[in-house]
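Chemist: Here's the letter readout for the chains.
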Amino acid sequence: MSESLKLSLDRRDGLAIVYTDGYINNQGGEEIARVAYELIDEGYKKLLLNLQGTKIVNSIGISILIEIIEKMIEIDGSLAFCYLTPTIHKTFHIMGLAQYAGIHEDEPTAIRALTAEA
Amino acid sequence: MQEITLTLPMLRDLELTASKTACAIGEHIRMSPDKIDEVRMAVVEACINAFEHSSATAQKVELTFTVLGNASDPKGLQVTVRDRGKGFHPELVEDPNLEAKMRPGSSKRGWGLKIIRGLMDEVDIQSSREGTTVVMRKLW
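Just so you know, the sequences run in chain order F and S. Taken in order, the first sequence gives residues 1 to 118; the numbers are from the numbering used here. Taken in order, the second sequence gives residues 119 to 258; the numbers are from the numbering used here.
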């Protein structure tokens, strides 16, 4: 049984949005990281992960997201999430991710928050 | 239906089979969707811990889903995840701290037990050289 994560991108002025569709496990996390690092190399410093299509993640996938957050901090960038399920939101809270990444209810709110940052 | 047992081989993504079973039982006993989702995630984490850390010769995990109370008046759902691996000392597992893990070069892993304890109402772990049993309860 393999549950491949699908990703799609929306590049905007100064901000890139990565849409996830499926289970974020270690392979899914690595795929998100691959895309994120490519966007960083393209010069994007503001990334939004829209998780509306993701109903479940595992801690290995999240640990890879932490690596992405670390990279964003290194380049003085910002990472945010939106459309987390209540359980994923609670899990991120358990882990303390909100200290390092924005967590927003929906995409417009997340975009406003990211673009308001210097 | 009071108890369901499931044996899963330790194969990639098979933790999702366990999580789907948890969902089905949770829906059957009319647990709230949010609680079902929390059970589902905890089950995923418990399975992954067994897959990754047990080093079990018999590459399988045994799960038991038990309705607490009775079918007409359930009090919650208990999930037991058992492996026959090498065991570990739960009391020695460091509580992960994100600030420490954000330091360059630090491992970002090690969140499974913290997530399980944060999502479930009661967690009991028994472990020895004969294996590990994680008992998790989500109450009404």
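Derived by calculation from the structure, the hints in this document are not laboratory data. Careful: at least some of the hints might be erroneous.
Partner residues are not named here, just some residues of chain F that face chain S (Cβ under 7 angstroms, in silico) [stated by the list, open to error]: (1) Gln52; (2) Ile66; (3) His89.
Quick look at which bits of chain S chain F covers, simulated, 3 or more residues with Cβ under 8 angstroms [stated by the list, open to error]: (4) 132 to 142; (5) 160 to 166; (6) 177 to 185; (7) 205 to 219; (8) 248 to 256.
Each residue gets a CB set at the ideal place from its N, CA and C atoms; glycine is no exception.
Chemist: Three residues or more, CB to CB closer than 8 angstroms: is that satisfied between the stretch 248 to 256 of chain S and chain F?
Modeler: Check failed, 0 qualifying residues.
Chemist: For the hint on Gln52(F), just tell me whether its beta-carbon gets within less than 7 angstroms of chain S.
Modeler: violated (15 angstroms)
Chemist: Apply the coverage criterion to the stretch 205 to 219 of chain S and chain F: a residue qualifies when its Cβ sits closer than 8 angstroms to a Cβ of the chain, and three qualifying residues are needed.
Modeler: holds (count 5)
Chemist: Was the hint right that His89(F) lines chain S, CB cutoff 7 angstroms?
Modeler: Hint violated; His89(F) Cβ to chain S Cβ min 10 angstroms, cut 7 angstroms.
Chemist: If you look at each residue in the stretch 160 to 166 of chain S, do at least three have a Cβ nearer than 8 angstroms to any Cβ of chain F?
Modeler: Three-residue rule met by the stretch 160 to 166 of chain S, so holds; n is 3.
Chemist: How does the stretch 132 to 142 of chain S fare against chain F when you require at least three residues with a CB closer than 8 angstroms, holds or violated?
Modeler: holds (count 5)
Chemist: Next item in the hint list is Ile66(F). Is there a CB on chain S closer than 7 angstroms to its CB?
Modeler: holds (4 angstroms)
Chemist: Test coverage of the stretch 177 to 185 of chain S by chain F using CB-CB distances below 8 angstroms; three residues minimum.
Modeler: violated (count 0)
The structure is inconsistent with the numbered hints 1, 3, 6 and 8, although it conforms to all the rest.
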